[in-house]
Structures are given as structure tokens and as C-alpha cells.
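Enquirer: Under numbering that gives the first Met the number 0, think of the first position of the sequence shown as 0, with each following residue one higher.
Please keep in mind that the hints were generated in silico from the structure rather than gathered at the bench.
From the three backbone atoms N, C-alpha and C, an ideal C-beta is built for every residue, glycine too.
Wrong hints could be hidden among the right ones.
Computed spacing ranges between beta-carbons, pair by pair [unchecked claim]:
| # | residue 1 | residue 2 | range |
| --- | --- | --- | --- |
| 1 | L62 | D295 | 47 to 57 Å |
| 2 | T836 | V547 | 43 to 53 Å |
| 3 | N758 | D795 | 20 to 30 Å |
| 4 | H670 | D795 | 22 to 32 Å |
| 5 | S232 | K168 | 34 to 44 Å |
| 6 | N539 | G686 | 36 to 46 Å |
| 7 | T704 | G737 | 15 to 25 Å |
| 8 | F791 | N758 | 42 to 52 Å |
| 9 | D295 | N539 | 26 to 36 Å |
| 10 | S232 | D295 | 54 to 64 Å |
| 11 | G737 | N634 | 17 to 27 Å |
| 12 | N365 | S398 | 26 to 36 Å |
| 13 | S64 | D775 | 44 to 54 Å |
| 14 | Y672 | E638 | 17 to 27 Å |
Mimicking PhoX-like on lysine-lysine, the simulated pairs with C-alpha atoms at most 25 Å apart in a straight line are [unchecked claim]:
| # | residue 1 | residue 2 |
| --- | --- | --- |
| 15 | K606 | K588 |
| 16 | K822 | K595 |
| 17 | K595 | K606 |
| 18 | K607 | K164 |
| 19 | K30 | K822 |
| 20 | K164 | K127 |
| 21 | K606 | K542 |
| 22 | K625 | K692 |
| 23 | K904 | K606 |
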Amino acid sequence: MASSGLAKNIIVKGAREHNLKNVDVIIPRNKLVVITGVSGSGKSSLAFDTIYAEGQRRYVESLSSYARQFLGRMDKPEVDYIEGLSPAISIDQKGTSHNPRSTVGTVTEIYDYLRLLFARIGTPHCYKCGRVIQKQTVQQIADSILSLPEESKIQILAPVVRRRKGEHKEVFESARRAGFVRVRVNGETRDLSETFDLDKQKWHNIDVVVDRLVINSDVDSGRVTESAEAALSQSDGLVMVDVQGGDELIFSEDFACVHCNVGLGELEPRTFSFNNPHGACNTCTGLGFKLVVDPDLVIPDKSRSITDGGIVGWARSGSMSPWYSSQLLSLADSIGFDPDVPINKLTEDHLNIILNGTGSKRIQVNHKTRRGRTYRWRTKFEGVINNLERRHTETESESVRKEIERYMTSLPCQSCQGQRLRPEALAVTINESTIMNVTELSIRACYQWTIDLSDNAVLTDRQLSIASQILKEISARLEFLLNVGLDYLTLSRTASTLSGGEAQRIRLATQIGSGLMGVLYVCDEPSIGLHPADDDRLINTLKGLRDVGNTVLIVEHDEAIMRAADHIVDLGPGAGEHGGQIVASGTPKKVMSNTKSLTGQYLSGKKKIAIPTHRRTTNGSSITIKGASQNNLKNIDIEIPLGIFVCITGVSGSGKSTLINEILHKKLAQHFYGSRDRPGSFEEIDGIDNLDKVVNIDQSPIGRTPRSNPATYTGTFTPIRELFSQVPEARSRGYKPGRFSFNVKGGRCEACSGDGQINIEMQFLPDVSVPCEECDGNRYNREALEILYRGFSIADVLSMTVTEAVELFSNIPRISNKLQTLKDVGLGYIKLGQPATQLSGGEAQRVKLATELSKRATGQTLYILDEPTTGLSFEDCAHLLKVMHRLVDSGNSVVLIEHHLDLIKNADWLIDMGPGAGD
């Protein structure tokens, strides 16, 4: 019986990972299966932490112990058993590369095929004069000479010296030893028996005369071939033919421009690799950008004077470093400016010298040490910018380098203009396009370029026979990217700038291209960032994966994908400890008929997020962005009304995130908080005075270690610790609030350093975390746990849910108000001490929202949220909308970038960007 189950289903029994409550579930194989449910209900725990983790662990365990030592050890998930598992591949949102060398082209391997294509059929040009460079065999050179007009009188020459100074006596001696009789020196033919006395301070051209003949029917082709060979051997691969009364012809057996004396070398795929020294630009080493000191970051506030620490790149703790202060004050005496006036009052020449130095001019520096001794010397003033760039290059200290990088910005490399490659590689073309021209096209335009090469007689028959298979591979991979809605991306786009959804869909397209069968794919919301108009393409891609014999398991909330699924598993009924159970499992139709399933009720239309009965009107103020031109924004002007709920919509790649995150948020962060992040390109922003702060609430974790939790993030834990220190027993013992922190010595358990867990290494088995025996997992020592508030210890409080804690601290407003806000945003089920690493993206975002809601409203705050519905179910979206409306009702402004129709229809004002993606 088990074998038939194995063939048709994945059977999970007794899954208990995180909040799963002994879950039993049957998942059909070779189907498109969606796992859904409210945020925190256990979807990822089932899909990734149980099913995928066990599939991956079994594969790793099947390897030899030698191979396993090179792989990360994997924990066995809390599950009784799983049957019917295939090899598992996870496609989640966490794998975006932060390597600046990683691009869409390299990640998808399309760039590898492009490098091969350009190496095999590219046409090289001289990067100086632009002439086409060709290499020829000896026979081809001889044939070209023989094809000259009848009766042409020619000399076959070996150009041995080109525009080089010197007497070149060794050149003449070498030619004599080789048996040659004549040479041409600076255009004059002379006999080698002569004595040559060249001016060594002047440029010279010297050609050895190999042969002289007349082209006619009687000429011996063998003689011409031998002469060409002799010339090539004398001149390192060049042959010059001087036609009497005509032009000079130059032939090369290498890729070289004989006019500019520029060599290219053999074209290889590595010639076009910016990750290989053979192809990378020498200046930027293939990064395409250089870190340079930015004067605006060195002097962010020009209303301050030099003595007031206005040059922050040379200041420490707000005041000027004594060493640099001496140099600047001495410079002021030398060139005549007042260091006490605001920097914006200095002349342009004086500011230029301060930043860039005095060049070769020396000044006298007077430096007084802390002990009162004065030293004087004359030196060149280096300049602030030159000083910082030199120290950044020379230092071996990572902390010094990072400190200097605070005053630096990335600018396109001046040598390669941001194109990453050497000039030789950038001078190779196919159909008049360089390899970097092709990578800067959108995916759709690049796909059309490959089709045009194949179909429009652009290539010769020989080129097409070489390139046809390469073009097929490139076209197929580009088509996969088109099918997952990424037609607006470029191959040159750096991987670190991709959103989680974009990166995931790229990996999805790559997997489709691999053609694997019999695999279990586990995906985490592939629809993130995708406009509803592109849903069909993604669904067809997922079905394509299924149809070739794979099981596709998706954690998803998108309505269109759920309706297209073969099977839905709905977890719930609530979140956290109120979830972790299978509420419904079956076809979409079956789930819709299940009255216990919230997902089913929304899908069937029995429950829906209502359209508001009225819309707010603007308070009359607005913020206006003029001349926005970053990335694909076409110099647009846009007015965003304040005091209402504004939603920015548009297809993926239409410029929403560029406008709001790259331009508006970065500029406001710079204005209010002195952020060093440079905003995107724009002319001006009006209306900033209508705001007093900006808050960007994203789904990034509230902390990256288990020591971070909702109590610490919201600021609730500090008053709780203060409250415990005021308990009579604590006061009699002299305990301070720090005694109740698990991060510092005093009250924490020192056996586990306040972690509550001990990690035990198990060699080739996975490491095991066990509760600390000393504190029994409570994190605190016995003395701290003896202090009780209303019968509860500090460890008991951290183990409480938000709802339980609200009741316990109901008579202490500074604690209960913050906790009540957490409960209001639907997080009553999470524990105060729940590690940040165990919170989902949606939960983390709502913790941040609750923190903002608990602050005193100024009525002039702009809240920015980029796709806050990521990871949220229909019910979660309803909770989120209540929070959004509450923020706006307090007089604040909310700007949302969103594709979710339920949120869009609740907005007071819509700004739709487009009409298409990319250019």
C-alpha cells in the first residue's frame, strides 16, 4: 500500500516544526499545489522547514562522509516521517546576490553564451581609429598581393620599426645577417652596405625590403608566398606592400591595427569577461564603477565653518582633528581665507584648494602638540579629497576603510564608461552592436536582436553555421525570462538591485531552462512584485514545470494562482499558537465549499474586503517631484497629495520603486536625518516643509539574531525591566534594570550567555541545540528569576503572548499601550520574547507598524510602504488596511507601492505609472 502512495502522493505525518501541531497532510505529486493561510499560520514551516528541509537532508545524507564535510550540516525537521519525496529544489526570496559582479546575465548564464558568440563571430575593430581588424593566413596574404592590377610594380616590405626613437643599429645588423640587401628608412630606400647614423632623439620608421617584383601572369606564386613568409617572420606578423604610384597595403596574421600599432590578440570567451583580468577594465577591475570621494558628503552642511567641524571627513566627534586643523589653519594663513566663516561664504578658488590641494606649491604648516611643543615645516597641501582617497587605497585597516567610505560615492568608471570591459573587447561588434550594447537592451529587445541575427540575413553562411546553436541557447533562456514577466529587465542589471520577487522569478526561469524532471520545486510567493496583467504568464510557466513531470509546491496568496492550482492546502485557523493546523485541503472548488476556511470564503466571494463608502480629500498640501529622470523615468513631474492614503500602481518595471524609494525617500532621509545615501536623479522637490519626518516600513527582519524580539524592538522591554527593578524584593537587593537583561552579565545565565540554548557539535551529524541545564532554557540565573511581579518572573513575561501581557500590565499605560497596539494590528498571538528570526516578513512589518502607531502622532509624518501585502492573506490584508486608515486618520500621509487590488481600491488617490515597463 505504501508503494502506491509513494507513486502518487507526498505523505507527511506528525509535522511539529515551529507552530505546526502534529500535522498530517497528503500532497499530490506532479501537480501545482498552493499552500496558503494567514500570516504566521505555519505555511513556510510546512513547505520549507519540513518538506524541503527533509528532501534536502536526505540527499546530503546519501553522500559520502568525505563529500558531506564540504556541505553545511542540516537539521532533521520535527516530523515523524515523510513518504514520496523527490529531490527538492528551493526557489525562495532570500538568494539575491550582493556581489557587485553578479548581473542578470551572469546569474542566468546568458552572458556566458554571449561571450562565446562574440568570441566566435564578432568583428574586431581598432579601438583607436575604428578600422576593422582582420587576421589573414600567409596564403590569403599572397592571394591578395597576386590580385593587384596587372603590371603593378611592388615592393614587399617587413615593417620592423614604427615611430620609435633610437639609432636602431641592431635592426640593421639583424637584417644583414638574415641576408637582406636593402632597407627603407623614413621612406628612403637604401643599401644595407651603407653606414647608418640615425638621430636617436627623433622618431624613425624602418622597413626591410624583402622582394621587388611586377605583378603579371608570369609571376611565380610560390615566390610571393615565400616573400610574405619572410616578411612575417622579420616583423612579428606584419607584411607591407608598397605599390609604385599607388597606396601602401598592410597585412597582418594577427588581430592588429597596423595604422595605430594596436594589437588585440586571439578572441576568446574570456576576452569578454569582466570577472577575468584578461577582459576586465584595468581601472575599475570589471566593476563598472569607482568609489570616489564626494565633496557633498565631506562637507554636508556648508553653513558650518571649518573651525566648527564643517569638513566632517576630517572631523572626530563633531570637531576637527588637531593634525588636520593645523594644516587647514596654516593653509588659511597662506592663501588668505577666514576659517571661522561658513564654508558657503568661501570663494570657489579657496574651496577648490581645500578639497583638491595646492598642487606643487608649498605652504608653511605650524602644528602645536598636546604637550605644547610647536613644529614648523614647508610642504605641499594634499587636499581633503586626495588625502581621503590615498588613505582609502593604502590602509590595511578595515575599520579605517569603512570610515572613509562613508564619504565616498560610486560613479561610473571614466575609463570604460561603466561598461566593465577593456577597450579591445568593447571594439568587437556583431551587427554593429558591442557585447555591452546587447546587455543594456531590455530582455524583450535582446530577444528580438537574437531573432534578427538568425532570420534577417545579417550573418554570412559561415557565421550562421557557427552561431546557430549558440543563438538557440540564448533565445531559449531569454524566452523563459519573458514568460515569467521580466521582459523589462536588462542583462547588465546588477543582481543586488533586484527585488526578492524578481530574483526568485529569474531562478524559476533558470530552472525551467535546466529541463529537469521528477523534481520537487518549493517556491515562496513567486508573484511578488508582479502586476496582475502578468499573472497569466507566470501561471503558464508554473504549469509548464508541472507538465514535464515535476511537483510544484508554492507558498502563495495570489488569488489568480490559487484558482489555477490543482490542489490547495489551507493552514490556520489563526496565527502562531492559534495556527499550525490543516483547515482545508483539496481542489480550489473543494476549499471554496469549506465554511471553516477563510481562504475558501474569500475565493468564493462569501467574504470580501469592502470598498470604502467615502474617500478622504487632501488637506491642501502636497509634495512635488520635478524632473525625475533616474533609471527609466523620463524627466517626469509628479505631485503627491498629503494627508491621505495614496497608492502608486503600474506594471513591474514602470518606475514606481525608483520614484518613491530611490528619489523621494532617499531625499527626505537626507533632509531629515542626514542620510549619506545619494538620491536618484531629479531637478527639485517642493513641499518638504509640509512634513517633519519620513518612515519607510518594509518587511526586512526586526533583528538578525535570536536576541532581538518584539519586546526589545517596540521598546516595551525597557519599562518592563524598570518595573521589575522597582519590585520591593529587587529594591532590597539593589537590583537595577540591567539585572533583568539577558544581554549583559548580572542577571543572565552565564552557562548559555543568556541564549537559553546550548549548541552541541555532532561532527558529521547536524549540530544539536538543547535547553541549557543551568537555567532550563529561561535565559536568567536563579537570583533574577526569584523576583516576581504579580507572581510572574521576567522569563514568564517573555514567554507570554501579547494578549496575555496586555492583561498583566493593564494598569501600567506606558507598557500596555504599546502592547495593545501590537494586538490591534493582529499580533496578539506572538510571544514577547519570540526570536526575530522566527517572525515572518508580514509579522515583522506589522511589528514596525505597531511601533509607529504607539508613538505620539505629529500629523506630519510620511509613511512609505513598498508592497506591504507580501506574505499576507486576504484576512491579513484586511488587518493591514485598518492600520493604514488609522495612520491617515491621525493626520499623517501614507504612500503605498502596491499591485494588490484590495488595497488599491481602498486608496484615496491613485498614481498609475507606465504605460509599459523599462524604456
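Enquirer: Run the structure past the numbered hints and jot down the numbers of the failing ones, going up.
Expert: Going through the list in order, the structure violates hints 2, 4, 5, 8, 9, 11, 13, 18, 19, 21 and respects the others.
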